[in-house]
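Colleague: Here the protein sequences come in this chain order: A and B. Using this note's numbering, you'd call the opening residue of the first sequence number 1 and step up by one each time. Using this note's numbering, you'd call the opening residue of the second sequence number 1 and step up by one each time.
It is worth saying that the hints were derived from the structure and are not from the lab. Ideal Cβ positions, reconstructed from N, Cα and C, are used throughout, including at glycine. Check each hint, because a few of them may be wrong.
Computed beta-carbon distance windows for the label pairs [said to hold, decoys possible]: (1) A:G178 <-> B:A255: 39 to 49 Å; (2) A:D64 <-> B:A243: 28 to 38 Å; (3) B:L263 <-> A:D213: 45 to 55 Å; (4) B:L40 <-> A:N114: 34 to 44 Å; (5) A:R216 <-> B:G20: 41 to 51 Å; (6) A:D64 <-> B:D162: 33 to 43 Å; (7) B:A255 <-> A:E162: 46 to 56 Å; (8) B:L256 <-> A:D64: 53 to 63 Å.
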Amino acid sequence: MIQTIGLAKSFGSRRVLRGLDFTAAPGAITLLIGANGAGKTTTLRILAGLSAPDAGSTLIAGHDLQRARRHALASLSWLPQSPSFHPRLTVAQVAAFHARLRGRPLSAVPDALNDWGLARFLDMPTRKLSGGLRQRLALAVFALADTPVLLLDEPGLHLDPEWREILQDFLTIQARRGRTILMATHLLGEWEGRVDRCVLLSEGRSAGEVPPDELRRRFQDFHHSSPPPAQLVSATA
Amino acid sequence: MTPASPPFPAFLQVARAAAGREWLSHRLNRFLHAHLLLVLIAGLLPLLTPEDALARGAAWWLLNAMLYALSLSVFLLGLSSAQAESDEFPWLLSQPAGIGPWLAGKAAMLSLIAAASAGVLALPTTLAGGGSPELFLTVAGAAGVSVVCALAGLALGFWIRDSVRGLIAALAAWMALLFGADLLLLALAGAPFIQNNPDLWVLPLMLNPLDAFRVTVLFAVERAAFSGLQDGGLAGWWVKHAAEWFAVLAAGWTALTLAAAWLGARRRLDN
Numbered sequence: 001m002i003q004t005i006g007l008a009k010s011f012g013s014r015r016v017l018r019g020l021d022f023t024a025a026p027g028a029i030t031l032l033i034g035a036n037g038a039g040k041t042t043t044l045r046i047l048a049g050l051s052a053p054d055a056g057s058t059l060i061a062g063h064d065l066q067r068a069r070r071h072a073l074a075s076l077s078w079l080p081q082s083p084s085f086h087p088r089l090t091v092a093q094v095a096a097f098h099a100r101l102r103g104r105p106l107s108a109v110p111d112a113l114n115d116w117g118l119a120r121f122l123d124m125p126t127r128k129l130s131g132g133l134r135q136r137l138a139l140a141v142f143a144l145a146d147t148p149v150l151l152l153d154e155p156g157l158h159l160d161p162e163w164r165e166i167l168q169d170f171l172t173i174q175a176r177r178g179r180t181i182l183m184a185t186h187l188l189g190e191w192e193g194r195v196d197r198c199v200l201l202s203e204g205r206s207a208g209e210v211p212p213d214e215l216r217r218r219f220q221d222f223h224h225s226s227p228p229p230a231q232l233v234s235a236t237a
Numbered sequence: 001m002t003p004a005s006p007p008f009p010a011f012l013q014v015a016r017a018a019a020g021r022e023w024l025s026h027r028l029n030r031f032l033h034a035h036l037l038l039v040l041i042a043g044l045l046p047l048l049t050p051e052d053a054l055a056r057g058a059a060w061w062l063l064n065a066m067l068y069a070l071s072l073s074v075f076l077l078g079l080s081s082a083q084a085e086s087d088e089f090p091w092l093l094s095q096p097a098g099i100g101p102w103l104a105g106k107a108a109m110l111s112l113i114a115a116a117s118a119g120v121l122a123l124p125t126t127l128a129g130g131g132s133p134e135l136f137l138t139v140a141g142a143a144g145v146s147v148v149c150a151l152a153g154l155a156l157g158f159w160i161r162d163s164v165r166g167l168i169a170a171l172a173a174w175m176a177l178l179f180g181a182d183l184l185l186l187a188l189a190g191a192p193f194i195q196n197n198p199d200l201w202v203l204p205l206m207l208n209p210l211d212a213f214r215v216t217v218l219f220a221v222e223r224a225a226f227s228g229l230q231d232g233g234l235a236g237w238w239v240k241h242a243a244e245w246f247a248v249l250a251a252g253w254t255a256l257t258l259a260a261a262w263l264g265a266r267r268r269l270d271n
C-alpha cells in the first residue's frame, strides 16, 4: 500500500504540492492524472525517495519513507520518465548490475530480459538502443526488483502499441498478484478499463476521482495528450 | 496476498557490483585509452637517457610526465567516470542500499585502475635494467597522485552535471593545483609578513598534492641539494620526512575527494 498524508513541496516560491492525501491499495492499479504541473512527477519522485517533502508523510508498504527509508525503498521499484543508462555498458551488464543492487539472483536476469524482448540485444551498448528498446530495458530492470510496490512515470511513452499492450497485461498480472501499482500518464484513453482507480491531481491537491471506465468519454479529445486543466477539473464535477 | 519485499543486499555485495560495473565501463572508455597511451609514452621517456644514467634520470622524466600530462589525463578519467553515471542517477539514488556502498565500490575500482596505470610507468625502465628503489618510490608517489586526481575528477563530475562545464572546471582545477598555488606563493614571497613567517609560505606547498609530489621526488628521491634543510623549521622537517608526509597527504586528499564525491552525488536528491 502507498499512503500520503498532507504532502507538501515547493520549489522556490512555486508550491507544487499543497497537502496531498491519497491512498493506493494493494492488488490494484491506481492512475495519477492531472494537467502538466499538477504535481504528478513530483509526487512520484518523493515516493521514490528522490525528493524530500517540505511537510507531510509517506508510507510505503507500511514503512515511513522518512523514518525507515531503506525498508520503504526496498519495498518499491521505480520506473522514471525517459530512463537512460550508463552509455558504455551493454544491456546484459546493466540488467546484471541492477539485479545485484537489489540482491536478486543473476539467474533472474535472462528471463527478465526475454520477457521484454531483449534477448537479441544483450551485447548491445545502451547508447545504441532506440527509445523503445531503452524503455523495454528500463521495464526489465524495473520488473527485476520484484517488489510489492510499483511506481511508474509515463511507462508507455516510448513504446509502440504492441509493447504498450504487453505492458498493460504485465501490470494487470502484477496487480492480481497483490502488488500496489501507482502510475502517472497522459495516455489516458489507452488505460480505460485497465486500471482500478484514477486519482485526479489539481494544483498539488487531490481533486477527487474519475471513474476508470469513463476516461475515454470524459477526455475524448485528449486520448493521447494531456487534457487541459479546465477539462480535468470539470471531469470530476 | 501482498508479496514480501526482497531482502537488503549487503554493503559489500553492492560495493562489489559497483566495482565490477566500473571495471566493465572503462573497457570502452576513450579517456582511459588515452591515459594509458600517455602512461606508456611517459614510461618510455627514461629510455632516452644514456644507459649509464638511466636509473638516475628515470625519476626526473617520470616526475615531469606525471605533473604536466598524466595528472590531467587521470583527472579527466575520473570526470568521465562520474559523467557516464549521470543518466542513471534516478535509478541509483532510489535504491535501498543508498549512495555509500555504490560510491565505495566505484571509487575503489577507479582508484585501482588509476594506481595500476601509474605502475606501468616503471615497466620500460625496469625491463631495460634501470630498476631502483628511487624509481619505485617515484612510481608509488605517481600512483598516489593518480588516485587523488582521479577521485577529484569523480567528485567534480558529480557536482557539475553539464559535460562541457565539467571539462572546463576540471581544467581550471588542475591548472590551479599545478600552477595557481605556485604563482600565488611566488607573488607573496617578497612580502615582509611571509619573510617573517616562512612556514606559512611552505604550508600551502605541503598541502598541495602536486607540489608535495614534486618536492618528494626532487629532494627525497633525487636528493637535490637543499639549503633549507639546515635552517630547520617546517621546510626542513618536510624534506626529512617527505615520503611519509606524502603518504599521509595522499590519504587525506583521498578521504577529502571521496567525501566531496559523496556530497556531490547526494546533491542530486532535490531536498
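Colleague: Just to be sure I understand the hint, the distance between the Cβ atoms of L263 of chain B and D213 of chain A should be within 45 to 55 Å; is that true here?
Modeller: This hint holds: roughly 49 Å between Cβ atoms.
Colleague: At the C-beta level, are R216 of chain A and G20 of chain B separated by a distance inside 41 to 51 Å?
Modeller: Cβ of R216 of chain A to Cβ of G20 of chain B: about 48 Å, so the range 41 to 51 Å holds.
Colleague: Range hint 34 to 44 Å: satisfied by the CB atoms of L40 of chain B and N114 of chain A?
Modeller: Once the Cβ atoms are compared, 43 Å apart, the range 34 to 44 Å for N114 of chain A and L40 of chain B holds.
Colleague: Take the C-beta atom of A255 of chain B and the C-beta atom of E162 of chain A, compute their distance, and say whether it sits inside 46 to 56 Å.
Modeller: holds (52 Å)
Colleague: Go ahead and decide if the range 39 to 49 Å is satisfied by the Cβ distance of G178 of chain A to A255 of chain B.
Modeller: Check passed, 46 Å falls within 39 to 49 Å.
Colleague: Given a hint of 53 to 63 Å, does the C-beta separation of L256 of chain B and D64 of chain A actually sit inside it?
Modeller: At roughly 34 Å between Cβ atoms, D64 of chain A and L256 of chain B fall outside 53 to 63 Å, so the hint is violated.
Colleague: Within 28 to 38 Å: is that where the Cβ-Cβ distance between D64 of chain A and A243 of chain B falls?
Modeller: Once the Cβ atoms are compared, 52 Å apart, the range 28 to 38 Å for A243 of chain B and D64 of chain A is violated.
Colleague: Would you say the C-beta atoms of D64 of chain A and D162 of chain B sit inside 33 to 43 Å of each other?
Modeller: holds (36 Å)
Checked against the numbered hints above, the structure breaks hints 2 and 8 and satisfies the rest.
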